[in-house]
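Trainee: The primary structure of each chain is shown beneath.
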Amino acid sequence: MAEDIAIVAFAQTPSYRSYGDSEASLIMGIVNQILGDVEIDRYDIDFTIAGSCDYLLGLPFSFIANVDGYGAWPPIYESHVEMDGAWALFEAFVRLQCGDIDSALVVGSGKSSSGVPREIFPLQTDPYVSAPLGLDPVSVAGLQARALLEAGKATERDFAEVVSRSRRDGLSNPHAQVAKDVSVETLLKEPYYASPLRKHDLPPISDGAAAVLIARGELARKLCDKPIWIRGIDHRIESHHLGLRDLTDSPSSRIAATNLGLDPGSLDVAELCVRYSPEEIVLRQALELGNGTQINPSGGPLCGHPVMATGLTRVIEVARRIRNGEAGRGLAHAASGAALQHNLLCILEGDA
Amino acid sequence: MSEFPVSFTLEYPYTRTPGPVIGPFLTGLRDGRILGIRCGSRVLCPPMEFDPDTGETLSPDFVEVGPSGRVENWTWIAEPTRKHPLQEPFAFALVKLDGADTAITHAVKAAGPEAMSTGMRVTAQFREERVGAVSDVYFVPEGDAREQAIEPGEGEVEITTHLISLTYEGKLHPHNARYAQGLLDGKFIGQRSPVSGKVGIPSRGYDPIARVVLTPADDVEISPTGTVVSYTVITPIQYRGQTETEPYISATIFLDGSDQALPQQDIRDIPLDEFRVGMRVRAIFRPPAERNVDAVDNDWMYPTVGDVVERWAPTGEPDVPMDQIPETM
Amino acid sequence: MAERCAVIGLGQTKYDRCLPISMDGLVRQAALRALEDAELTFADIDAIVLGKAPDQLEGVIMPELSLCDALCAVGKPMHRVHTAGSVGGSTAITAATLIESGMYNTVLTVSYEKQSDGNFMWALSGGRSGGQGAGGSFAPWIRNYMKRSGAPEHIGWQVAVKDRLNALKNPYAHLHLKDISIEAVKESPMLWDPLHFLESCPSSDGAAAMVMTNAAGAKRSPRPSAWVLAHAKRTEAGVFPGRDPVIPVAAMDCAKALYKKAGITDPRRQIDCAELYVPFTWFEPMWLEAHLIAEPGEGWKMVDSGATEIGGDFPVDMSGGVLSSNPIGASGMIRCLEAANQVRGTAGDYQVEGARVALAQAYGGPSSYFAMWIVSSEPNPTFK
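Chains as they are written, first to last, in our numbering: chain A, 1 to 352; chain B, 1001 to 1329; chain C, 2001 to 2384.
No wet-lab data here; the hints were simulated from the structure.
Hints are not guaranteed to be accurate.
Straight-line Cα separation of at most 27 Å, DSS-like style, residue types lysine-lysine; simulated pairs [what the hints assert, rightly or not]:
| no. | chain 1 | residue 1 | chain 2 | residue 2 |
| --- | --- | --- | --- | --- |
| 1 | C | K2147 | C | K2186 |
| 2 | C | K2301 | C | K2186 |
| 3 | B | K1109 | A | K189 |
| 4 | C | K2178 | C | K2301 |
| 5 | A | K199 | B | K1109 |
| 6 | C | K2178 | C | K2014 |
| 7 | B | K1198 | C | K2147 |
| 8 | C | K2260 | C | K2301 |
| 9 | A | K153 | A | K189 |
| 10 | B | K1096 | A | K153 |
The following block holds chain A by itself, in its conformation from the complex (with noise of 0.2 Å):
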């Protein structure tokens, strides 16, 4: 029988273009925050665990820098995934299915800004037969969307119709970086970038970072009135080669669904990693997703996408929405490669 485990509390930071200040102060801004909304004392909090990514600033290690801003003196029991922070989630949440801990907080950070994402995330890709060609997540994007048009699951309409709601939607919320009210047919007359997309299907350059707390159910009612319980967690990963792929679909999303017996129906509200339009149709599709659950209501990635943070900004976007009594159950999804290629699920649910 699994642990009972809870968001007790979050933060993030807004969506920047460009951060001015250290990794590790963006980091310290939220952990406070969370420290301050929560009565416990930092070392009191059993495990640490935080993802981030040492090529987004050039730096080996950098993420040793990182540990200033949730602070390791005295020491504290830790670990790092070269993930997004939702990967560092999943492996807390995992940690205290074991029981003998009752707390952890996790976080994701990254800064985008210094270099060229579009240069730099080709080496995701195998190092043999396609990082030597500079295959890019922007192009990958480029192919799924047009195995989605000549599959006939979506058309250039619904790629804006993504764009379109997800910016109006962003104008409602503080973090986001890029948020505007622009109609489906202005951005239909934008050239194309990587056709079929244009540059408005990418997602913005962004610096920022997002923590959680959680702990097990006795003390997760003891920190906070509205514990955001986590029903489960889990990720998948597919096949490194596009050519083994089916780019409209997403298998992983949906064994980690029926791995967590996932029931679209229940959902009020899912926050999905889409950083690329096209991956909003993929992924409702794949995941079942009906009208009765909205969907990025934060904007989503389009608006703000701080590498290494973006899929726990998911995670907390949902609990949000919980915590504030606009949805009762959410998803949260979590997205790393190019095109889908690993994606992670999260559901969570309010008290009844």
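Dock chains B and C against the given chain A, drawing on the hints supplied.
Mentor: Below, chains B and C alone, put in the same frame as chain A:
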């Protein structure tokens, strides 16, 4: 306060050993042939070392595929990056080569997006200069293909080189900018935490223990005089970008009035047999016009005083006795 | 713990300066050997945990994305750990946690480094000139340890010889220095005073893998299990006024938490042998003290007396250690693997007779990350 732009290029020519399957594939490209590998009843191209469904290691049963094939999917890249194989607008496409059952993702050089369509036929074109890398080839619409007479190279491709070069740009964080300005002015500027009272240099802009952000009001000037608390002699190891060639002393120096040592201070003019822990030294700054802080960046792991200190000169004061050297550094 | 974790399969590649294989081939070799040892196949694996040091070493970002096919991870959870030099140990611990949580029955964990693709000194310096390497950073602390403890300089030479002699018994070890001697160490070039060339680790390619399972899986497993009695990790801030990087508090806290969990009260007596992360000779006595195996200032005396040799009362780095093989991202996992190797009784020529309880440790960053585990031939050994 002036702004200090920072820019650096992370560049290295990675040398990859491609192994028993990608090696022959790259050898093939160098020699003008595209190889797939048999995997049960299928042919995989690009070839893999194992059956992607079962993980079973495949025997090296290669099959020549192409040079033509069918575009399964494509995207038109209006603005290529510096890393793309073609520097004019082009298409990335999934190409299923004749004789192969899986598609390879590669570049297609075509007149424009109008010239591209799913289902179109394309043909491999090999570059004049081939080095045993996946970029030795690209594709063109079948009708545009030129006849090529390719001279095979010698031996097998055992190494494929990938020059990775990434440039990062930004500016010094505010506290680092004040530190850098201080160095240009011939001063060591640190910060005193209002919580602990401890003085750090260079400051990271916060007190990592109390987790409070520091402000310009917390800046303090630190004495250029201090004590050697430890040192080592570095025999420089040569690597790409290393310009040091001769052995030198690298000392850890505790400046008076600070609570954090400056590590890795180069000592070039004190003979090794005179150098010792406990020695009192003072930074002699270069003349203002010769001071340079280009090496100061936002990366705290390698704190530097830039190129502003001409040398660390012995003050002639008595050594600090061993038992008064801080246990901690 | 919801479940107990047992290590049932071990796999290593040969460690060498340059292995002429792909990264796919490298991780597969270790993984397939571990699976073969466990008499399982990829199909039996529920989740994969990958560990390696900075992505800059190979110029491959988030390598789980390009290695998932090679490890048959498609459709499964694939997780990536990175905690600096301690990463191999942290990766093993994360994999054990997946089992202990009760969420996964059988887990494959793999760590690797393909150092020959790039250059560690370059990567560590962030591509800048003046990089002094890890040795340049650690040498002043070592010098400080020597001052504090009054250790004579030959202690470093002794560790260098002992580990290289041990490595001669380990076919996987990178360095097989048949003519190693105190003289040879002393005469080798001084790189970072007081560290000589032969007191430093090599730069290696290589991978290590383990298969872990729960009690039910262990029962079905054909070969002996190494039971994970306890694991612990501690991190402290890397730089702050008043920090002691020589005997870091995190190192002591980590050991205390570990021993408490395992029920160990007298580590030197109750632990039969240890694989410690010793990339530079002096870290053997330093870790013996920092991990509370020796009294403060006494670690070097254990080395001097021969206690840490195979046949001594507390053998350390029987496999030859990091000083003989250093595929960085895997080095911590190799410590965990070799500890398991000892308690399973499968360590061949470097087997410590009757080893029942073994310690493994890895560290990273500016001596600010620690990962440790204790394994035993018995799931619930009693300590007197």
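Trainee: Now tell me if each hint is right for this structure.
Mentor: We went through each hint and held it up to the structure:
1. Under the criterion of a C-alpha separation no larger than 27 Å, the hint pairing K2147 (chain C) with K2186 (chain C) is consistent with the structure, at around 20 Å.
2. Restraint check for K2301 (chain C) and K2186 (chain C): satisfied, since their Cα atoms lie roughly 20 Å apart, inside the 27 Å limit.
3. Annotation: proposed proximity of K1109 (chain B) to K189 (chain A) holds, straight-line Cα distance about 26 Å (limit 27 Å).
4. For the hint pairing K2178 (chain C) with K2301 (chain C), the CA-to-CA distance comes to about 26 Å; that is within 27 Å, so the pair holds.
5. Restraint check for K199 (chain A) and K1109 (chain B): satisfied, since their Cα atoms lie roughly 22 Å apart, inside the 27 Å limit.
6. Straight-line distance between C-alpha atoms of K2178 (chain C) and K2014 (chain C) comes to about 18 Å, which keeps the hinted pair within the 27 Å bound.
7. For the suggested pair K1198 (chain B) and K2147 (chain C), the alpha carbons sit about 26 Å apart, so the restraint of at most 27 Å is met.
8. Of the supplied pair hints, the one linking K2260 (chain C) and K2301 (chain C) holds, its CA atoms being roughly 26 Å apart against a limit of 27 Å.
9. The hinted pair formed by K153 (chain A) and K189 (chain A) meets the criterion: a straight-line CA distance of about 22 Å does not exceed 27 Å.
10. This hinted pair checks out: K1096 (chain B) and K153 (chain A) have alpha carbons roughly 22 Å apart, not beyond 27 Å.
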